[in-house]
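Peer 1: Chains A and B supply the protein sequences, listed in that same order.
The numbers in this note's numbering rise by one with no breaks, and the one at position 124 of the first sequence is 124.
The numbers in this note's numbering rise by one with no breaks, and the one at position 181 of the second sequence is 181.
No farther apart than 25 Å at their CA atoms in a straight line, the calculated lysine to any residue pairs in the SDA-like style are these: (1) B:333 with B:56; (2) B:106 with B:173; (3) A:136 with B:16; (4) A:105 with A:191; (5) A:105 with B:13; (6) A:79 with B:430; (7) B:428 with A:71; (8) A:136 with A:171; (9) A:79 with B:4.
Examples of chain A residues toward chain B, derived with CB under 10 Å: (10) 89; (11) 96; (12) 97.
Derived DEER-like restraints, expressed as beta-carbon distance ranges: (13) A:116 with B:411: 24 to 32 Å; (14) B:411 with A:222: 39 to 47 Å; (15) B:419 with A:135: 22 to 30 Å; (16) B:432 with A:169: 26 to 34 Å; (17) A:75 with B:432: 19 to 27 Å; (18) B:386 with A:135: 50 to 58 Å; (19) B:11 with A:116: 23 to 31 Å; (20) A:169 with B:428: 22 to 30 Å; (21) A:116 with B:444: 31 to 39 Å; (22) B:448 with A:169: 45 to 53 Å.
Because the hints were derived from the structure by calculation, they are not lab data.
No residue lacks a Cβ here, since even glycine has one placed at the ideal position from N, Cα and C.
So you can see what is in the structure, the chains are spelled out below.
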Amino acid sequence: MEENFLEIKDLKKSFGTGEAKQDVLRGMNFTVKKGEFCVLLGPSGSGKSTLLNIIGGIDTPDSGFVSIKGDKLEDMDEKQLTIYRRKHLGYVFQMYNLIPNLNVKENIEVGAYLSDKPLDVEEVITTLGLQDHKYKYPNQLSGGQQQRVSIGRAVVKNPDILMCDEPTGALDYKTSKEILSLIEDCNSKYGSTIIMVTHNEAIKYMADHVIKLRDGVVRHNDLNDKKIPASELEW
Amino acid sequence: MRNPLIKRIPKELASDWHKYLVIILFMVGMIGVISGMYVGRESMVYSINKGKTELNLEDGCFELSHRASPELLENISSGEMADVRQYFIDEGMKEADKEVADAIEKELNEQVTKAIEDGVRAQCVAMGVTDEDMIQSYVDAAMEENFEEALKEARNSDEFKEAVDEAYAEAHDAVIEAVDEEWNDIAEEYKLNDDNFKPTTVKIYEHFYRNESEDNNNDGVEDATVRIFKSDSEIDLASFVEGRAPENKNEIAIDRNHADTVGIKLGDKITVGGREYEVVGLLSYVNYLTMHESNTDLMFDAFGFDVAMLTPEAFNELTSRLHYNYSFLYDVKPEDKVAQADYSERFLKALITQTLVDDNEIKDYLPTYLSQARNFAPSDIEGDSVGTAIFCYILIAVIAFIFAITISSTIDKEASVIGTLRASGYSKGELIVHYMSMPVIVTLAGAAIGNALGYTGSRQYGDYAPHR
Numbered sequence: 001m002e003e004n005f006l007e008i009k010d011l012k013k014s015f016g017t018g019e020a021k022q023d024v025l026r027g028m029n030f031t032v033k034k035g036e037f038c039v040l041l042g043p044s045g046s047g048k049s050t051l052l053n054i055i056g057g058i059d060t061p062d063s064g065f066v067s068i069k070g071d072k073l074e075d076m077d078e079k080q081l082t083i084y085r086r087k088h089l090g091y092v093f094q095m096y097n098l099i100p101n102l103n104v105k106e107n108i109e110v111g112a113y114l115s116d117k118p119l120d121v122e123e124v125i126t127t128l129g130l131q132d133h134k135y136k137y138p139n140q141l142s143g144g145q146q147q148r149v150s151i152g153r154a155v156v157k158n159p160d161i162l163m164c165d166e167p168t169g170a171l172d173y174k175t176s177k178e179i180l181s182l183i184e185d186c187n188s189k190y191g192s193t194i195i196m197v198t199h200n201e202a203i204k205y206m207a208d209h210v211i212k213l214r215d216g217v218v219r220h221n222d223l224n225d226k227k228i229p230a231s232e233l234e235w
Numbered sequence: 001m002r003n004p005l006i007k008r009i010p011k012e013l014a015s016d017w018h019k020y021l022v023i024i025l026f027m028v029g030m031i032g033v034i035s036g037m038y039v040g041r042e043s044m045v046y047s048i049n050k051g052k053t054e055l056n057l058e059d060g061c062f063e064l065s066h067r068a069s070p071e072l073l074e075n076i077s078s079g080e081m082a083d084v085r086q087y088f089i090d091e092g093m094k095e096a097d098k099e100v101a102d103a104i105e106k107e108l109n110e111q112v113t114k115a116i117e118d119g120v121r122a123q124c125v126a127m128g129v130t131d132e133d134m135i136q137s138y139v140d141a142a143m144e145e146n147f148e149e150a151l152k153e154a155r156n157s158d159e160f161k162e163a164v165d166e167a168y169a170e171a172h173d174a175v176i177e178a179v180d181e182e183w184n185d186i187a188e189e190y191k192l193n194d195d196n197f198k199p200t201t202v203k204i205y206e207h208f209y210r211n212e213s214e215d216n217n218n219d220g221v222e223d224a225t226v227r228i229f230k231s232d233s234e235i236d237l238a239s240f241v242e243g244r245a246p247e248n249k250n251e252i253a254i255d256r257n258h259a260d261t262v263g264i265k266l267g268d269k270i271t272v273g274g275r276e277y278e279v280v281g282l283l284s285y286v287n288y289l290t291m292h293e294s295n296t297d298l299m300f301d302a303f304g305f306d307v308a309m310l311t312p313e314a315f316n317e318l319t320s321r322l323h324y325n326y327s328f329l330y331d332v333k334p335e336d337k338v339a340q341a342d343y344s345e346r347f348l349k350a351l352i353t354q355t356l357v358d359d360n361e362i363k364d365y366l367p368t369y370l371s372q373a374r375n376f377a378p379s380d381i382e383g384d385s386v387g388t389a390i391f392c393y394i395l396i397a398v399i400a401f402i403f404a405i406t407i408s409s410t411i412d413k414e415a416s417v418i419g420t421l422r423a424s425g426y427s428k429g430e431l432i433v434h435y436m437s438m439p440v441i442v443t444l445a446g447a448a449i450g451n452a453l454g455y456t457g458s459r460q461y462g463d464y465a466p467h468r
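Whole structure, please, built from the sequences with the hints as guidance.
Peer 2: Here it is as structure tokens:
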């Protein structure tokens, strides 16, 4: 966990023009180390999702930069960004966004196909506890099961960074904790760096690194030495 | 590893099969019709062009009022214009010389007679003879005795010779003047005074025909006019759709369009020119793709007109008027449509002038490039192909529209999946290929099936396509 794996520097981003102009990111700075479980905490409108999009190369900042392993995203063209996402990133969204006419195994294979160092699909399915459901289609699964598939699709890529955008936002308490445990497992088992966006304060206790955002700037940037397992979280 | 997204395609097809079935059926129908029209057109044009050389299609034909002399045919073949002016002058001179000679003879007789009579009367007056009967008897006697001598003397006089020369000269001048006046009009009308005229040499074939009445059902009522050619013709040959050429004088082969239209089959008996024949062949003459009896007919008439083939023997037994029709082939073929018109115009000049100086008469002249019977079908197809092309463009627009709508609804429905796939590292190109593959597969399938049906089912030009 020594090197600065991800660096965010003076990141600014605004939407709209003139009076309707809204500054979403107003000079954001932080770094994430390799293998860290990092939680981005903040109320809605604090710029969490925009930040995640910029880190993912989906959106571009007005100024400042994101660099990963020393490579600045702003220096990359469209093709290089695609390769960057393909090689280094895994995404988990609040809405699972599974492909409706592919079954569980096939949805996970979509992720494996993209990676040049994928994990074994069957092993991931087992880790996620989906071995009994691997030939089911998304509409035959519960929300929690769908989110597992979504995590599987991201994790099977064996990404350097796993980006989770409110992964438990649509799930109940019990299922949320299961999902968080799974993400935790991926962090410890596969060594992925995790950046999780959430507005759930309780989740910070399971993270190595907690960054609190408000109004487009970093308010608190704390390392957590006394993290507890997800299963022991309460809210 | 194979792209797992490919697995979506058969699943998509299976789940939305009714939607794609409708689209494929629509495309198969439209593409089938269009490809059928194109294939039909191509094969028709192909067989038309093939027949042009294989069946010895004429470059044109002309009909004379009576059979052409071998010299006339030779002169026409040369493509040279005859010297019509000189011909007129020669003819005029002959006529004028005869008239002048007659007039001179008459005048001479009168003058000699008068001179003798005057001499006798003068003597009578001097001798005091007054009795008219007496005078008349003297005159008669003098005539009897001196007329021949006096005539001879008068003929030998310089005065007479001078007068005769003058009369001839005057008559000849009048002839030339009259001819020139007439000639200028003709030359202007047919543009015969062309300094750049080049002869168009041709080979001429006798291609006589007769128009006879045809009675299809032998009920004694004429049903159609049939134009009959001989089976030994060397030009404008026929291709046989069914059966064969007539081999004896009781057999006939008739046009297959006409046969189809009026319901004549092989083996049927029909009455032509009062004689009964057995139909042994259904044919298509290379110069009668459609049944245009006259070139001024706007539409072909497969009911009321027919072309047929008889053996020369049977042909010669017919009694209706023989049409002295001659076909010709240019020795050097014109390259394009402009050249065709040019060739035809030059040939016509030779034909007009040569026929005129041979005392024959042109009844009809038709270069093939203007023949309705030959060109109606090809130009009809030409028109159809424009329609087909427009139809094709409309189809493309409709297909594009259908897919624009289906793809757009798919993309709306899949927006979040597309976003996820993009975020996971799928490139734009991969996703475009993925979302385009379905419409492309459906289109290709529709095109393949449609074309297959179009090829096998393209019979729509069967109505007047020549077969070989």
